[in-house]
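K.L.:
Using the hints, position chain D against chain Z.
Just so you know, the sequences run in chain order Z and D.
Here the first sequence stands for residues 1 to 371, where the numbers follow our numbering.
Here the second sequence stands for residues 1 to 371, where the numbers follow our numbering.
Away from chain Z, derived, C-beta distances all over 10 Å, residues of chain D: (1) M77; (2) S258; (3) P314.
Going by beta-carbon spacing under 10 Å, a handful of chain Z positions derived as facing chain D: (4) P182; (5) V185; (6) E234.
When the alpha-carbon atoms are kept at most 27 Å apart in a straight line, the in silico DSS-like pairs for lysine-lysine are as follows: (7) Z:K121 / D:K167; (8) Z:K167 / D:K167; (9) D:K47 / D:K22; (10) D:K167 / Z:K81; (11) Z:K142 / Z:K40; (12) Z:K301 / Z:K87; (13) D:K121 / Z:K167; (14) Z:K207 / D:K121; (15) Z:K121 / D:K207.
These are computed hints drawn from the structure, not numbers from a lab.
Just so it is clear, the structure is predicted and the values come from calculations on it, not from any experiment.
Note that beta-carbon positions come from the ideal geometry of N, C-alpha and C, so glycine has one too.
Number of protein chains: 2
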Amino acid sequence: MERNGEIKLDPWGYSQIADYDKLFSLFGIRPFRELFPKIKNPHNLMKRGVIFGHRDFDQILDALERKEKVALLTGFMPSGKLHFGHKMLMDQIIYYQNMGIDIILAIADIEAYAVRRMERKELIRIALEEYIANALALGLQKKNLRIYFQSNMDAPYYRLASMFSQKVTAAEFSAIYGEITPAKVTAVLHQAADILHPMLEEYGGYKYVFVPVGADQDPHLRFTRDIADRFSGELGLRRPASTYHRFMTGLDGGKMSSSRPDSAIFLSDPLEVSASKLMKALTGGRATVEEQRRLGGEPEKCSVYEMYLYHLLPRDEDLLDIYWKCRRGELLCGEDKKMAVEKMLKWLEEHQKKLEQAKNEAEKLVEIPSF
Amino acid sequence: MERNGEIKLDPWGYSQIADYDKLFSLFGIRPFRELFPKIKNPHNLMKRGVIFGHRDFDQILDALERKEKVALLTGFMPSGKLHFGHKMLMDQIIYYQNMGIDIILAIADIEAYAVRRMERKELIRIALEEYIANALALGLQKKNLRIYFQSNMDAPYYRLASMFSQKVTAAEFSAIYGEITPAKVTAVLHQAADILHPMLEEYGGYKYVFVPVGADQDPHLRFTRDIADRFSGELGLRRPASTYHRFMTGLDGGKMSSSRPDSAIFLSDPLEVSASKLMKALTGGRATVEEQRRLGGEPEKCSVYEMYLYHLLPRDEDLLDIYWKCRRGELLCGEDKKMAVEKMLKWLEEHQKKLEQAKNEAEKLVEIPSF
Chain Z
1 MERNGEIKLD
11 PWGYSQIADY
21 DKLFSLFGIR
31 PFRELFPKIK
41 NPHNLMKRGV
51 IFGHRDFDQI
61 LDALERKEKV
71 ALLTGFMPSG
81 KLHFGHKMLM
91 DQIIYYQNMG
101 IDIILAIADI
111 EAYAVRRMER
121 KELIRIALEE
131 YIANALALGL
141 QKKNLRIYFQ
151 SNMDAPYYRL
161 ASMFSQKVTA
171 AEFSAIYGEI
181 TPAKVTAVLH
191 QAADILHPML
201 EEYGGYKYVF
211 VPVGADQDPH
221 LRFTRDIADR
231 FSGELGLRRP
241 ASTYHRFMTG
251 LDGGKMSSSR
261 PDSAIFLSDP
271 LEVSASKLMK
281 ALTGGRATVE
291 EQRRLGGEPE
301 KCSVYEMYLY
311 HLLPRDEDLL
321 DIYWKCRRGE
331 LLCGEDKKMA
341 VEKMLKWLEE
351 HQKKLEQAKN
361 EAEKLVEIPS
371 F
Chain D
1 MERNGEIKLD
11 PWGYSQIADY
21 DKLFSLFGIR
31 PFRELFPKIK
41 NPHNLMKRGV
51 IFGHRDFDQI
61 LDALERKEKV
71 ALLTGFMPSG
81 KLHFGHKMLM
91 DQIIYYQNMG
101 IDIILAIADI
111 EAYAVRRMER
121 KELIRIALEE
131 YIANALALGL
141 QKKNLRIYFQ
151 SNMDAPYYRL
161 ASMFSQKVTA
171 AEFSAIYGEI
181 TPAKVTAVLH
191 QAADILHPML
201 EEYGGYKYVF
211 VPVGADQDPH
221 LRFTRDIADR
231 FSGELGLRRP
241 ASTYHRFMTG
251 LDGGKMSSSR
261 PDSAIFLSDP
271 LEVSASKLMK
281 ALTGGRATVE
291 EQRRLGGEPE
301 KCSVYEMYLY
311 HLLPRDEDLL
321 DIYWKCRRGE
331 LLCGEDKKMA
341 VEKMLKWLEE
351 HQKKLEQAKN
361 EAEKLVEIPS
371 F
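Isolated chain Z, as found in the complex (with noise of 0.2 Å):
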């Protein structure tokens, strides 16, 4: 956020988020930060502002309070490799899992034959060696969760997904998905079905239900809003609430994206790869040293401080400490890469020992669909 031809100072990168205020007035998304004084153990990612938004969340944490049932839904596209960017996720969940939070995943397998056109086997094995393997590596417990094929569920779930086609004309779905196809309301019907079905007596009755998801899935959780709205007097359905958490730069400052592979570090990445991409990543420093010494590097622009600030550095004092030396111009990027490559191998190679282990647990833990 350029003013008058300076940044604004922003050690959390608020001020990353593109059309932030429009989120908060035009949507009816509400700041996260309003909750704090609600939440006892804020997560980091809370703190930072990387989870800078909600709607509703405040019912989650009066339910909890109130020591009602809450789950937390998220929908996994088994579309390709882990990267830090999911890890952001994940961790998510996890905090919400030691809250005692029921966690349920949907793994999108629906949407990503119908629309995306993957091929079922490999989605299956990308499902489990990639998302289920890598979350159990992180953390993710056994106990409070399930996780589920979309294509692999029962008749209640999929009862309220051909329901909900009753009540939605081609006019609302093209309004948000565009031209209206087969596929994709194959997909979004589906969807919908994810979040909304663990309110059903089918799935132990009514719970609270939350989806964290980026702005960008706004859009997706407005719809399924329209829905339970309709349905709530035939079969009970409340609104979903939503956090919304904004995604780490790609590592070329361009989208972070598992079909770019130079833009993100997977967590599955050999070692050397993985630090070869962070020393290339483009950070927030000056055109020669002699600037930077003098006007400072700009941590709000730089990959390698969302590194930091997203994973490697929990303790919010080692952060501010880099922000601050960084901004003063004591730190240079070279010398701030080789310190952040070695924490990330240091994660890494944790990480990948536990990854190993985790996919022989991973296909455990989930009903495997027959084809």
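P.N.:
Frame of chain Z, contents of chain D only:
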């Protein structure tokens, strides 16, 4: 079929199928009669031309000859009371069941709910009390029989429906079904899954499937055959076969429909109501008695004659006797109607006794959805 002002004599009523030739030439439906040499005990509905066409039914007959597994699949739309038009389909089902063919009855509750917007409790009641109970009273056996609600199936069935969506474009969907809506997409994909799921390993392994339908349903069949082709490699699906029947005309000369109670005699109509409906039915009689004595009646245009042909006169010689007496002006409509009413009441009285007993049996034959 008027020829030089004269009606072509046609005791079997073939001439009543509009666009008959078009179905054969343009859409590739084959005349059912060509199969007669292969059918040992053809049903009256075959001999009398009610079942007039087929696709690949020769393959079904060959499979039966080779003692391979064959299933008949049909779907019921549980939207209203059962009438004599429905009985004609039930009679076919029972005929095939007695030949040793597996019978699979899909209750199209997803379509009834999503597209026809029926209330779920009501459609479940109609499925049980009208469709299943009447089928049992008509003679459907419990052997080789599977009845299911679409919304109460298991994962492989739904997986199939959702997979189909990958290979159906919006353009081809619209070409068959008009405007594409979420509800229609849902209904159509499940209908295709109804027809094709019995071929999967999960449902007892590959079997030949055929579907007895009215000619108006042929677009669905062509669509489903296309889908089967597209999944022949991935899932081993094959084109379903089909037979085509014409429908009974309504008693008033219009369409016979549950939604127009005077157009149809319901199998549960009180006897006096059914009698009164038949007495008022449109016949092929002339303007005056004198004229009818002189010119003879036109049984091809007569809904009472249709009752004989479809239901009340199983012996061909009895049917032909009536036909020629009417044609020669020997049998007038009043007398004829009394005879028909007498036969119908005798049958209905017997049927309704069985129906009462069957109502208790119906819910034992199918798993009922929890909502």
